[in-house]
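Student: Sequence lines, in order, name chains A and B.
Under our numbering, the residues of the first sequence are numbered 865 to 1128, in order.
Under our numbering, the residues of the second sequence are numbered 865 to 1128, in order.
Just so you know, the hints here were simulated from the structure itself, not pulled from any lab data.
Identical copies carry no separate label here, and so any pair may be met within one copy or between two of them.
Straight-line C-alpha distance at most 25 Å; calculated DMTMM-like pairs for lysine to aspartate or glutamate:
1. K1010 - E970
2. K922 - D942
3. K1035 - E1117
4. K1035 - E1050
5. K1096 - E1128
6. K1035 - D1087
7. K1071 - D1092
8. K1096 - D1069
9. K955 - E978
10. K1071 - D1113
11. K1035 - D1113
12. K980 - E965
13. K1002 - D1087
14. K1010 - E995
Protein chains: 2
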Amino acid sequence: MLIIAERINASRKYIAQAISSENIDFIRNEAKAQDQAGADYIDVNAGVFVGEETERLKWLIEVVQEVTELPLCIDSPDLKVIREALPLVKKTPMINSITLEPTRLEGILPLVAEYKTKVIGLCQSEDTMAETIEDKIKLAGQLVEKVTAAGVPIDDLYIDSLLYPLSANTKSALATLEAIEQIMKEFPGVHTTCGLTNVSYGLPDRKLVNRTFLVSAITRGLDSAILDPTDKQIYKALKAALTVIGKDDYCLEYISAFREGRFE
Amino acid sequence: MLIIAERINASRKYIAQAISSENIDFIRNEAKAQDQAGADYIDVNAGVFVGEETERLKWLIEVVQEVTELPLCIDSPDLKVIREALPLVKKTPMINSITLEPTRLEGILPLVAEYKTKVIGLCQSEDTMAETIEDKIKLAGQLVEKVTAAGVPIDDLYIDSLLYPLSANTKSALATLEAIEQIMKEFPGVHTTCGLTNVSYGLPDRKLVNRTFLVSAITRGLDSAILDPTDKQIYKALKAALTVIGKDDYCLEYISAFREGRFE
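Next comes chain A alone, as it looks inside the complex (with noise of 0.2 Å):
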């Protein structure tokens, strides 16, 4: 289960504040609690700052890499900044994010194919945003159709089927769970991931709705998630249900987590 720790992201008030004002310190120990919590990659997100986006991330990367051994996961809805990024990280990185809309798919294919980067693809095109099952499934199958003929390994693609608020559709999540797992057994070798949060939109105790749809996607597959590792409580359930379904030999990881006192 690779954890892509998701709280550098500008879009959250108190890390644009930090970028803003330059502060070393909150930056270094968002980078660390992430990595001491389980993370496996740490995403870094500087997209509010249209303009000069580009500085700002380079700034992140820099002072992300001073306190962690981590690969990062480099998250831009700008192809020029991603560009500009990639030479910068130490190790490996994962890009957040391709689609299949021409431009991005083609600005970015090369870059990955080039880095040997992992990369996410989001299950949307010019046209669509995949909120069926057939949908998310078709375009699932596009991304692994040009992922691959631009001579990137399956192994290296995560594909995010998308999650929209249960709020607006009752049976949006169910559709997503579906698809994670028809695409799971329709792709050997491909990934899935999963961003959150969108799920819980609108609905009290909202980290709830979001750990147990966490919990209900690994049970259908789902072999990556981009979260907030510090958060113990979705951690926790992570590792219970990596236990249930038979994902943890012996229960050791489990058991070495409780015992570490990654639970409390």
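We have chain A; now place chain B onto it with these hints.
Tutor: Here is chain B on its own, set in the frame of chain A:
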């Protein structure tokens, strides 16, 4: 989602003491608490009182029925005890349980048919306690066959495909999850149920594992469970799971449960 409330079971020390001392208030409180917490059936079990189980169970049934309108789940290892208890219940009960062992099956099925009760069927025969997916499905099929041949509607059968400790076999819960999914698909109209506590035997933070299994099983189609509805953590995990898989129109049950303070 049918909740069979498990607390009034003499294998629990405080319940056995309350039965021994005929502590009416204690049992009444247990029944009321489970009723108010969202139970659909109240399980009653006096199985540890060998030799005087009938009298003890009759007493339990009377005391519980004084304070709740809910139907009971008559839970006994002894066929004769079940036979004597049935005439005492006010509402159509559930019987816990039949197996494929001939004495038990042939003794109880006529009672199920006569009293038109619901019944829990364990995937267990004379020579097999189903551990593999194949055995679970095979015995489930035999239960369906025997039960319907006795004139009992398939809608009254709740199959428990058995759940074993993860600490003994890492893949044991996955087998149960896959069996639940297949049973619900292969035998339309049947129900599945499950006790949760076995799965976490020998592990730390057992309740976390139990509720994570519950969420995973609901995701696979489980539509009943034997659990303690007064455990807020498990109750809210259950409500969130039903919402996530689209079995809660407009998320109304989830939102109501939250507003009524059932999550705290």
